[in-house]
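Visitor: What follows is each chain in one-letter form.
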Amino acid sequence: MRFSVLVETRLRDGVADPQGATIERSLPALGFDGVSGVRVGKAFRFTIESDDEAAARAEVADMCKRFLTNPVIEDATISVESNGPG
Amino acid sequence: MASRVGVVVFPGSNCELDVLEAVRSLGGDAELLWHAQASLGDVDAVVLPGGFAHGDYLRPGAIARFSPVMKAVEAFAAAGGPVIGICNGFQVLCEAGLLPGALQKNGGLKFLCRPVVVRVETATTALTVDVPVGTELRIPINHFEGNYTCEPQTLAELRAADRIVLRYTDNPNGSVDDIAGICSAGRNVVGLMPHPERACHPMLGSTDGAPLLRSLLIRASALVA
Chain P
1 MRFSVLVETR LRDGVADPQG ATIERSLPAL GFDGVSGVRV GKAFRFTIES DDEAAARAEV
61 ADMCKRFLTN PVIEDATISV ESNGPG
Chain S
1001 MASRVGVVVF PGSNCELDVL EAVRSLGGDA ELLWHAQASL GDVDAVVLPG GFAHGDYLRP
1061 GAIARFSPVM KAVEAFAAAG GPVIGICNGF QVLCEAGLLP GALQKNGGLK FLCRPVVVRV
1121 ETATTALTVD VPVGTELRIP INHFEGNYTC EPQTLAELRA ADRIVLRYTD NPNGSVDDIA
1181 GICSAGRNVV GLMPHPERAC HPMLGSTDGA PLLRSLLIRA SALVA
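If you read the sequences in order, they're chains P and S.
Residue numbers for the first sequence follow the working numbering, so the first one is 1 and each next one is one higher.
Residue numbers for the second sequence follow the working numbering, so the first one is 1001 and each next one is one higher.
In short, the hints are calculated from the structure, not lab data.
Don't take each hint at face value.
Derived BS3-like pairs (lysine-lysine); straight-line CA-CA distance at most 25 Å [said to hold, decoys possible]:
#	chain 1	residue 1	chain 2	residue 2
1	S	1110	P	42
2	P	65	S	1071
3	P	65	P	42
Counterexamples of contact, computed for chain P against chain S with all Cβ distances above 10 Å [as the list claims (entries may be wrong)]:
#	residue
4	16
5	36
6	41
Don't be surprised by glycine CBs; every beta carbon is placed ideally from N, CA and C.
Same shape as in the complex, but just chain S (with noise of 0.2 Å):
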């Protein structure tokens, strides 16, 4: 049975089609879950996507992580179930305390809309199982408040216990340690600022994003057994 991915859609969502579409060219299935529903069903793996849930008033994330459907989110991660947040998703598990850290306005202060390249830095995450270490994979941002900041003793931990995900090599936001993307200690919780989604058909220019959704399938396929 292929694994069974929601996609949460919070008022101002706006990427969830795309994710879903991506998980399907995968093989996977997909389904989108109101943000309002205090139940996330039969899925194996949920994805945060990108947007701008609840109009990002306040903070980016701040109001999401109130929505009904974020309790559930929190006991199916704390479960060990797989959670990826993409972008305004990174934002609200931030806010929400499931990943350590914020994400700041661009160190330029500009909108950023352009593919980027990461390089992969840790191959046992639910975003990266299927991607060696030092892969460098060329994805697109899309984001004002990217800039990813912490304490530096949550500098320290995250380099100490191998969470940094991913690193731009060459920082757009001024990002700390040219950090794209965390993982939770239990490496189940996974935020980023690229979108895989939006690289995952040659017609879209790109096709890196694919291993890393397939990461998540395949980390999803192996809660499901």
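In isolation and in its complexed conformation, chain P is listed as follows (with noise of 0.2 Å):
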């Protein structure tokens, strides 16, 4: 089967963002006020072949802990989609 992945990494809670703390300090300049909490991160869309989800969940978590993030400072969330069969 095949699968749409979406993998969102960011930087780890604790860890000082400045990209995510200067933009944060640059919408008010713009009238975007009250926001807070901004972080930044990245995006990757693929697809995978795989068994099922179970098993396509289990091998895009491996590949973002040894390629994708880097554990000592980001994070990731791992969104799977079945597109069915193919």
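Dock chain to chain to rebuild the complex, using the hints, since each chain is given by itself in its own frame.
Guide: Structure below.
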């Protein structure tokens, strides 16, 4: 089966995010007040061939641990959606 | 026989010739090692130079760690061979797990390119055997991602085992505990953000990098003997 995958990585809680902080400080200048907690991350979209959803998730989790994130400073959330057989 | 330093060239490295020149000016022998080769040949020390290996895509060092040469570098390090990572090379060593922690974006979000002063904190590593503890060296930095960070437990281990090699006297990038360089448990793998190869000739404004690279040559020749 094929699955659509979305992996979002971001700096872990407690790790300073200077990009997020700078964006947050800049928003009021454009009139966007009241914004807080800005965190900058990355998104990866791809499709993967796998026996079932659990196997797809496991493989993507391993991919995140070994490559897509640096676990010292980053976390990932994984979304997996079936594209049906194919 | 002069000790032989292998300088790894990844696509996007840009400090390899500076390292080559600096090592030779100190009486060492040096050669370039292309990242795609699986063997280090007969080198006595390895330097991962600065630059933007593989374009710094994904994260600095994240793709370079999978270059074929890195397996040989890991084996060389495991056997006690001296391995130095400078700037981008430090990032590669952290991504490869040869050194703990990670280098994230500078606290001030600025690309920093200027001389800084670092203090030598331990004289028993591959990079500092010829430099007394407490020596202050003026060496350039040139990085956007040089803000060293690690788990509190890792930091405690680094401190306890005297593995912090260099500290900034005036922290430019937000590094935890003012760390500019650390070493492995075996003290043969050292990563640092400053560029000693850019401070090895009076014409460059400082020769303070020379004692560090000379230490590497001393450690490398010890390996030969």
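Visitor: Under the constraints set out in the numbered hints, which ones does this structure not fulfil?
Guide: As far as the earlier hints go, only 4 is violated by this structure.
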